[in-house]
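Novice: Sequence:
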Amino acid sequence: MEFNIKANSTAEVSEKCTENNTAIKLGSGKSPVYATPALVALMENAAINACDPQLPEGYNTVGIAMNVKHVAATPIGLTVTAKATLIEQDRKKLTFKIEAHDEAGLVGEATHDRFIIESAPFLAKAEAKKAAAK
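In this text, residue positions in the sequence shown follow the working numbering: the first is 496, and each later residue adds one.
Hints listed in this document are in silico derivations from the structure and should not be mistaken for laboratory results. It should be emphasised that the depicted structure is a prediction, and the values quoted were computed from it without experimental measurement. Not one of these hints is a red herring.
Computed cross-link-like contacts, DSSO-like style, restricted to lysine-lysine with a CA-CA straight-line distance of at most 30 Å:
hint, residue 1, residue 2
1, K564, K501
2, K578, K564
3, K588, K624
4, K564, K525
5, K525, K592
6, K578, K501
7, K587, K501
8, K592, K511
9, K587, K624
10, K578, K592
11, K588, K620
12, K588, K501
13, K525, K511
14, K587, K564
The task is simple: from the sequences and hints, build the whole structure.
Specialist: Below, the structure written as structure tokens:
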């Protein structure tokens, strides 16, 4: 099956920095600022929103690579917004450029690869690992 995601598809998602997504809470540091794992998840969510709505029923995407730079701290109370733009498609592999900002400026940037999968077989294969792990 061929998948043709619209070139330069974009999506933005935002999240307020609260005590629940700080480096302290997520175990990625000792400062009460927006955590890098939270930034990565926000960036992935933006990429998902840019492509998954264009896929046929029964398909979605999974992240396969992320190269992220977290360049500035965001204190509690500010909002981080990530914008993902599809910059390349190679069959089922999608590559995104992502930038994240808070009200004061650039917070992070990334390139992110996602892969189009058929949901049911993907989940069946994942579940089969349980039997193999015993």
